[in-house]
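So the sequence lines, in the order shown, correspond to chains S and U.
Taking my numbering, the leading residue of the first sequence gets 1, the next gets one more, and so forth.
Taking my numbering, the leading residue of the second sequence gets 1, the next gets one more, and so forth.
A couple of the hints might just be wrong.
[To be verified] Here are the simulated lysine-lysine pairs, BS3-like style, with alpha carbons at most 25 Å apart:
1. U:Lys68 to U:Lys5
2. U:Lys58 to U:Lys71
3. U:Lys42 to S:Lys13
4. S:Lys57 to U:Lys5
5. U:Lys58 to U:Lys68
6. U:Lys5 to U:Lys71
If you are wondering where the hints come from, they were derived from the structure by calculation, not from laboratory data.
A quick note: this is a predicted structure, and the numbers were derived from the prediction, not measured.
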Amino acid sequence: KAGVTQTPRYLIKTRGQQVTLSCSPISGHRSVSWYQQTPGQGLQFLFEYFSETQRNKGNFPGRFSGRQFSNSRSEMNVSTLELGDSALYLCASSPGVAYSSTDTQYFGPGTRLTVL
Amino acid sequence: QQQVKQSPQSLIVQKGGISIINCAYENTAFDYFPWYQQFPGKGPALLIAIRPDVSEKKEGRFTISFNKSAKQFSLHIMDSQPGDSATYFCAASVNTGNQFYFGTGTSLTVIP
Numbered sequence: 001k002a003g004v005t006q007t008p009r010y011l012i013k014t015r016g017q018q019v020t021l022s023c024s025p026i027s028g029h030r031s032v033s034w035y036q037q038t039p040g041q042g043l044q045f046l047f048e049y050f051s052e053t054q055r056n057k058g059n060f061p062g063r064f065s066g067r068q069f070s071n072s073r074s075e076m077n078v079s080t081l082e083l084g085d086s087a088l089y090l091c092a093s094s095p096g097v098a099y100s101s102t103d104t105q106y107f108g109p110g111t112r113l114t115v116l
Numbered sequence: 001q002q003q004v005k006q007s008p009q010s011l012i013v014q015k016g017g018i019s020i021i022n023c024a025y026e027n028t029a030f031d032y033f034p035w036y037q038q039f040p041g042k043g044p045a046l047l048i049a050i051r052p053d054v055s056e057k058k059e060g061r062f063t064i065s066f067n068k069s070a071k072q073f074s075l076h077i078m079d080s081q082p083g084d085s086a087t088y089f090c091a092a093s094v095n096t097g098n099q100f101y102f103g104t105g106t107s108l109t110v111i112p
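Work out the full structure: start from the sequences and follow the hints.
Okay, here's the thing in structure tokens:
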């Protein structure tokens, strides 16, 4: 089975721009979660989507949004980019049906976003 | 506010030695505690996980020790190998849902 794929792998943007990141989960997985990884804060949960609905949301401003399509692929959007948004953005997929944290999450390699 | 506190930030161990990474949490609603291993350029991968109804779980050279009363848990890597050199993250979650709270990570270097 193919793993979680994320595109693009690297992205450079300037302050004020917006960006869209894409995540394709493992085939058959219906839950996609997004995390922001920075050296100082580690991994921080952004949100989780299941069957095209946001099921959980972390403590991030409204500039961060996401969506999920009927094929379970997910996109994350960040508007009005700030320097502090520079980070590795990871997505993770899991079957999600049991709605249990014991579902193993499989992470993609991430998208490295640099905001200048 | 960091819901899961992890230490040390970095760790250097000789080959064959024991690596120990510690985590502490405050939220008593947490009931699932996984550890992830991350290599450069890769996403984190689940290593081992524990529920609070047991005090220890062992898988090969990796052991989680869990102290519910102290709200602490730790990862022990026995017979550490250079291939174990990676960043390790502890995490915690409430059973319902996929929202995980991660520690800030420990960079482990195993010297040959």
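Note to self: If you test the structure against every hint from before, which numbers come out violated?
What the structure shows: Of the numbered hints, all hold.
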